[in-house]
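Visitor: The chain contents come next:
Protein chains: 2
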Amino acid sequence: MIVVDWGTSSLRGYRLDADGGIRDQRRSDQGIAACQGRFAETLAALIDGWDGDVVLCGMIGSRNGWIELPYAPCPADAAALAAAMQPLQDPALPGRTLWFVPGVASDADAVPDVMRGEETQLIGLLALLAREPPTAEAHHVCLPGTHSKWVTLQDGRIASVATMMTGELYALLRTHSLLARLMDADDGAFDAAAFDAGVQRSGDPGGLLHHLFGVRSLGLFERLSGAAAPSYLSGLLIGHELRARALPPVVHLVGGSGLLARYAHALAALGSGVRTHPEDLAARGLYRLAQQHGGLTG
Amino acid sequence: MIVVDWGTSSLRGYRLDADGGIRDQRRSDQGIAACQGRFAETLAALIDGWDGDVVLCGMIGSRNGWIELPYAPCPADAAALAAAMQPLQDPALPGRTLWFVPGVASDADAVPDVMRGEETQLIGLLALLAREPPTAEAHHVCLPGTHSKWVTLQDGRIASVATMMTGELYALLRTHSLLARLMDADDGAFDAAAFDAGVQRSGDPGGLLHHLFGVRSLGLFERLSGAAAPSYLSGLLIGHELRARALPPVVHLVGGSGLLARYAHALAALGSGVRTHPEDLAARGLYRLAQQHGGLTG
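These protein sequences, in sequence, are chains E and P.
Yeah, the first sequence ends on 298 if you go by full-length UniProt numbering, and it's all consecutive.
Yeah, the second sequence ends on 298 if you go by full-length UniProt numbering, and it's all consecutive.
Derived from the structure by calculation, the hints contain no laboratory data.
Quick caveat, the model's predicted, so the values are computed rather than measured.
Please note that a few of the clues may not be correct.
Distance windows between CB atoms, simulated [what the hints assert, rightly or not]:
hint: 1; chain 1: E; residue 1: Asp29; chain 2: P; residue 2: Ala185; range: 26 to 32 Å
hint: 2; chain 1: E; residue 1: Arg174; chain 2: P; residue 2: Gln25; range: 35 to 41 Å
hint: 3; chain 1: E; residue 1: Thr175; chain 2: P; residue 2: Asp29; range: 21 to 27 Å
hint: 4; chain 1: E; residue 1: Arg131; chain 2: P; residue 2: Ala108; range: 53 to 59 Å
hint: 5; chain 1: E; residue 1: Ala136; chain 2: P; residue 2: Ala136; range: 52 to 58 Å
hint: 6; chain 1: E; residue 1: Asp187; chain 2: P; residue 2: Asp29; range: 32 to 38 Å
hint: 7; chain 1: P; residue 1: Thr135; chain 2: E; residue 2: Ala180; range: 38 to 44 Å
hint: 8; chain 1: P; residue 1: Ala83; chain 2: E; residue 2: Ala246; range: 50 to 56 Å
hint: 9; chain 1: E; residue 1: Ala33; chain 2: P; residue 2: Asp29; range: 48 to 54 Å
Only part of the chain P face toward chain E is listed, based on derived beta-carbon distances under 7 Å [to be verified]:
hint: 10; residue: Leu128
hint: 11; residue: Gly214
hint: 12; residue: Leu218
Heads up, the beta-carbon is just placed ideally off N, CA and C, and yes, glycines get one too.
With the rest of the complex left out, here is chain E (with noise of 0.2 Å):
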């Protein structure tokens, strides 16, 4: 069986044996914003010489990508996402058939919330947590990333999602923003006194749109150097993440970037515990809605 993960700026495919563990796996830049619509010829050049049929997740199931799902609603779980995937055939991948998961949507705040991709992962997460002996609270997860997700589970199912836009607004800020002009232009060397000082900055008075000039200001009285301003951002922008959630005593903590080190050290800082899932819980999510769909070849 192949699954794929599709994103805007990545493409991930694997080859998984019968038991869903990972035979073989692909990468590639060519998220749905670099290929061009040119869908088939992508996705047949990095299937080639593996059989069967493909399940697909994340942005290429969006408007912007080869067909539009609507989202699930929440509460999700696995039969229900399996029962929405859609399928489609194409002549560029004769005798396959390609099955697209819908991504989530939450209504349990005033704005509805949504995710595409990362429902797998989630989906990945509760087949090991079920391993474990059952509990009646729900478990929160955190997805750092360029939009990180923030999701509950419970009782097999993702309950509610939210976006915060963490990481978007720290590549703006560094990159067009006045403080980008007090920043060295490479990121650097991590600083971690620096980054701790802007998570404990986070919980002062005055919310985040004031602890942003600070960096100007600081920096304006030699108090923090371009080479640390980065790292002061991020505990920043993170800690003012962290801290508009009401945290629980455990987040688990999904992902492959070095981002997953900041968020652990930060929620360390702030009293949470934390458990961490690597990325390719996407493949075992994706095996596990292809079961529950039944009737895939491969």
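Once you've looked at the hints, dock chain P against the given chain E.
Guide: Relative to the frame of chain E, chain P by itself:
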């Protein structure tokens, strides 16, 4: 007497009569970012035909300006700022002395804060307020802008300064973010209902980093149009700015931009009264500083 408010992006000159009344005024877009170090020529052109010494405030007295003045510490009154003014003579402006007004720094908070230029508007406001029955209460002043300044005036002095990066963040998100793609290219008409909804939303749990993503998800579900989204975003940011502060019963709003009406509207929604003051308080403040300093000709 000639007074000049010279900021990063604008230049304003006023010719005052002996009582401080504005006899004549000239504006230009030759802020310090535009005039590329040609300060003497730019000023000579602006004040051509006007006689006398010149008092200057704003970023012209900063590291990127003509000369760099250290910040005067809070609490600061007209006498302290006048005493800290620094003179300069330039061959391109024969027979005149130029007097530069320092900015003001505040260490009321754990992180220092600063302003350059706004302090003269506040000296002008203090002169206005001095005509009213004296009060032991502080006056709370907001100067909206790219970086809005919140200032406390007490006992005839500038007691503290806090800067909020609200306007700059709006511009960054409006121009460079993922949210920008969901908004019409032109700002179009101000949408009061969308602005109000943003101010309202800023009071919900989740924090600014989460609320920003709502601009996207409301758009996805067709609950916010591309025309209304900029007003919603503006309400969200201004709402967060205001809620991060302990709002007093009355806020003095100073400025000339359309932003003032938005702040007045949001403050009213949050239960604060408003007194508005025009931007030419700067001329009044510079006049008062010149009087305090004495010895100017013109």
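Visitor: For every hint, state whether the structure bears it out.
Guide: Each hint, compared with the structure:
no. : hint                            : result
1   : E/Asp29 - P/Ala185: 26 to 32 Å  : holds, 29 Å
2   : E/Arg174 - P/Gln25: 35 to 41 Å  : holds, 40 Å
3   : E/Thr175 - P/Asp29: 21 to 27 Å  : holds, 26 Å
4   : E/Arg131 - P/Ala108: 53 to 59 Å : holds, 54 Å
5   : E/Ala136 - P/Ala136: 52 to 58 Å : holds, 57 Å
6   : E/Asp187 - P/Asp29: 32 to 38 Å  : holds, 35 Å
7   : P/Thr135 - E/Ala180: 38 to 44 Å : holds, 43 Å
8   : P/Ala83 - E/Ala246: 50 to 56 Å  : holds, 51 Å
9   : E/Ala33 - P/Asp29: 48 to 54 Å   : violated, 37 Å
10  : Leu128                          : violated, 27 Å
11  : Gly214                          : holds, 4 Å
12  : Leu218                          : holds, 6 Å
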